[in-house]
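There are 2 protein chains.
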Amino acid sequence: MITDHGVYKHLAQKNASKIVLLVMDGLGGLPMHVNGLTELETANTPNLDRMAREGTNGRSLPIRPGVTPGSGPAHLSMFSYDPVRYDIGRGVLEALGIGFDLGPDDLAARGNFATVDENGLVTDRRAGRISTEECVRLCEKLQANTSLADEGYEIFIEPVKEHRFVLVIRGEGLGGELTETDPLVTGKAPLPVEDESGTAEGAHTAALVNKWVAQARAVLADEPRANSLNLRGLAKDPGLPQFTDIYQMRAAAIAVYPMYKGVAQLVGMDVIDFEGDRPKHEIAALSRVWEDYDFFFIHIKKTDSYGEDGNFDAKVHEIEAVDQIIPDLLALDPTVVIVTGDHSTPAKLRSHSYHPVPTLFWGEDVMPDNVSAFGERASETGAMGVFHATGMIPWALGYAGRLARFGA
Amino acid sequence: MITDHGVYKHLAQKNASKIVLLVMDGLGGLPMHVNGLTELETANTPNLDRMAREGTNGRSLPIRPGVTPGSGPAHLSMFSYDPVRYDIGRGVLEALGIGFDLGPDDLAARGNFATVDENGLVTDRRAGRISTEECVRLCEKLQANTSLADEGYEIFIEPVKEHRFVLVIRGEGLGGELTETDPLVTGKAPLPVEDESGTAEGAHTAALVNKWVAQARAVLADEPRANSLNLRGLAKDPGLPQFTDIYQMRAAAIAVYPMYKGVAQLVGMDVIDFEGDRPKHEIAALSRVWEDYDFFFIHIKKTDSYGEDGNFDAKVHEIEAVDQIIPDLLALDPTVVIVTGDHSTPAKLRSHSYHPVPTLFWGEDVMPDNVSAFGERASETGAMGVFHATGMIPWALGYAGRLARFGA
Chain D
-14 MITDHGVYKH LAQKNASKIV LLVMDGLGGL PMHVNGLTEL ETANTPNLDR
36 MAREGTNGRS LPIRPGVTPG SGPAHLSMFS YDPVRYDIGR GVLEALGIGF
86 DLGPDDLAAR GNFATVDENG LVTDRRAGRI STEECVRLCE KLQANTSLAD
136 EGYEIFIEPV KEHRFVLVIR GEGLGGELTE TDPLVTGKAP LPVEDESGTA
186 EGAHTAALVN KWVAQARAVL ADEPRANSLN LRGLAKDPGL PQFTDIYQMR
236 AAAIAVYPMY KGVAQLVGMD VIDFEGDRPK HEIAALSRVW EDYDFFFIHI
286 KKTDSYGEDG NFDAKVHEIE AVDQIIPDLL ALDPTVVIVT GDHSTPAKLR
336 SHSYHPVPTL FWGEDVMPDN VSAFGERASE TGAMGVFHAT GMIPWALGYA
386 GRLARFGA
Chain R
-14 MITDHGVYKH LAQKNASKIV LLVMDGLGGL PMHVNGLTEL ETANTPNLDR
36 MAREGTNGRS LPIRPGVTPG SGPAHLSMFS YDPVRYDIGR GVLEALGIGF
86 DLGPDDLAAR GNFATVDENG LVTDRRAGRI STEECVRLCE KLQANTSLAD
136 EGYEIFIEPV KEHRFVLVIR GEGLGGELTE TDPLVTGKAP LPVEDESGTA
186 EGAHTAALVN KWVAQARAVL ADEPRANSLN LRGLAKDPGL PQFTDIYQMR
236 AAAIAVYPMY KGVAQLVGMD VIDFEGDRPK HEIAALSRVW EDYDFFFIHI
286 KKTDSYGEDG NFDAKVHEIE AVDQIIPDLL ALDPTVVIVT GDHSTPAKLR
336 SHSYHPVPTL FWGEDVMPDN VSAFGERASE TGAMGVFHAT GMIPWALGYA
386 GRLARFGA
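Same order as they appear, the protein sequences are chains D and R. With our numbering as the guide, the letters of the first sequence map in order to residues -14 to 393. With our numbering as the guide, the letters of the second sequence map in order to residues -14 to 393.
Derived by calculation from the structure, the hints in this document are not laboratory data. Be a bit skeptical, because a hint or two may be false.
Copies of the same chain look alike in the list, so a pair counts if it works inside one copy or between any two.
Once the Cα atoms are required to be at most 27 Å apart in a straight line, the calculated DSSO-like pairs of lysine-lysine come out as [what the hints assert, rightly or not]: (1) 173 x -1; (2) 333 x -1; (3) 146 x -6; (4) 126 x 146; (5) 173 x -6; (6) 126 x -6; (7) 333 x 3.
Start from the sequences and build out the full structure, keeping to the hints where you can.
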């Protein structure tokens, strides 16, 4: 069942409960060989195992059967927004992630600096993964030497990390369904932005973006590595219904990477600033803001990164690092804790995958099932079965007493 | 979750993978007595058990909870078409099954020769299951002696098997929601065709069909057994979205019986001709066309036939015959194999039933679950739980790497 907001908006009620959604990005895995264990099954996780034993378990389906999620849609789904209904551009997520104050007239795009050869064919889609400092310099160069002012538009070029930047075009009449310039493989030329909506607004916006891209490539032409760029995920903020309004909770997001801050902000969560990038730093941040919020989203990135690297052992160790913060988390006396991943990233596949994600619900009023450990196969025998990720928040609200009775 | 085509049409991508959907019609069963085993649990199936052990398991729900499927809807569901949304007339399926080239203006009906008494009450709904030769003679007689030419319509009367034939009326302006003439029990008179759509087209079509039925019954009146007939499933080809387009796969159907060829053809699969009617002949046909297609639907009929006969042992043996072709199937090196049934046909009930159907998914990237055998109770503990049959193809596409990532 894909859960929507309809009934919850009317039932949500405030109380003193605290709900924690602890997300290990790309948590789900696969055995590397026949009869082997997954990353999570291999990891020594006494604290997570205890929570699984005391809680109820299952596997969450992020999008649809067989569908591998991107990070944005996978997070929206955990936040209870069906990503097939709410399709958010990557540019919007990146812009929000770097703290850009995106307005309703702004069109955002994720940019990648790239290298092209003398024929204009892409030879490196990430410009040799230039340093973030280099990225900052290139963005300043583009900001100073490109302009759409003659068309009546402001532009903002903001660095993200390494070869990644954000382009925002601000002004009235932007829109459409815009294609990306990245050919996705090397040896091909970048593509023009095209509009697939068939609207005048879309055609206008595509022309405007292409005009900027041509300027920008001319400005970059003398660069040794980042002599070109591509744009992806061109879109405006869709104006999502706000998590905080629907569920009547003050919500905080604790994440290291921009993307995840962005998606949390998009649904109305406050992004918490903190020093450091390890799970222990995130739990320290959680402690600091514990009294100020009702709901806490904690995002652990490196489980996914190691999965994408095919580094089974490092992913195992990162899961163990998360296990070690669990006592500190539980010491805060949360009412309900969900431990899950946004999707699977098996080291075996070196990529995101469609496999349902082990998920546990822990709390005083959770009905314990027969599961005795946190893992793929353990969760398969759990009480929740396979459930759509949009159901996570609603179950947590129930366990936290935050939903009024439906009818008399 | 009932899966629809929306998101998949955008994500489907081609690759070199091969997907096999092996359907044992009516596979699901029941114990004949308390503490007994089902047909599948009784059968000696070392190869299927191995696939269950290496794969992931669950039970598929063809239509809706508690609903017993007909063969057409059950197959549509496995092919990812929700049969509640896509309601296909039996006449269309039968016509396609015998290779009739059904056009967009054609109305098709499944016909049954029947016996009526002097009062016009049905005494045998199948006219004593007359031979196919007899059926051919009767169809020729009807073709020669009935006509709707004065109304501007062509008619085609085509034999199927035994007492079954197909009527096709060709011409413009046909349609409506037409009721059937078969009273479904003996001792009652056939019913007139009525239109339930309330449209002028429907009323016109019902009158036209009733006019032909009256002619046909007059022509048959002197027959000793087949002195009447009934029409069922009167409808036009609904023009389904094509499986091959949605999923970007070349799809082949390997089946012995017309009905299953028909439903496969309806969604755009190529029907493969071959000699013989045993599982080994079907696997030989599979081998022959292996390089020409990406997706293969293999249909085994007799599991269902024996179930309907109440012949528990024969159904067991047929399942074992299928188990014996598994090594040849796996020798082709398929990427993903689904083994399932379209519905249950427990010998105990001598009919189709609503019980969810044991289903296994096998392949390199399938997460193995804890199931160690292929059977009703074994699959109940599988990772897939009970899932709607429309999810089968999407999962297989995921396992085969045939779906692009959803979002960034």
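Hint by hint, here is what the structure shows:
no., hint, verdict
1, 173 x -1, "between (55 Å within a copy, 20 Å between copies)"
2, 333 x -1, "between (44 Å within a copy, 22 Å between copies)"
3, 146 x -6, "neither (37 Å within a copy, 33 Å between copies)"
4, 126 x 146, "within (16 Å within a copy, 78 Å between copies)"
5, 173 x -6, "between (48 Å within a copy, 25 Å between copies)"
6, 126 x -6, "neither (47 Å within a copy, 41 Å between copies)"
7, 333 x 3, "between (36 Å within a copy, 20 Å between copies)"
In summary, the numbered hints that this structure violates are 3 and 6.
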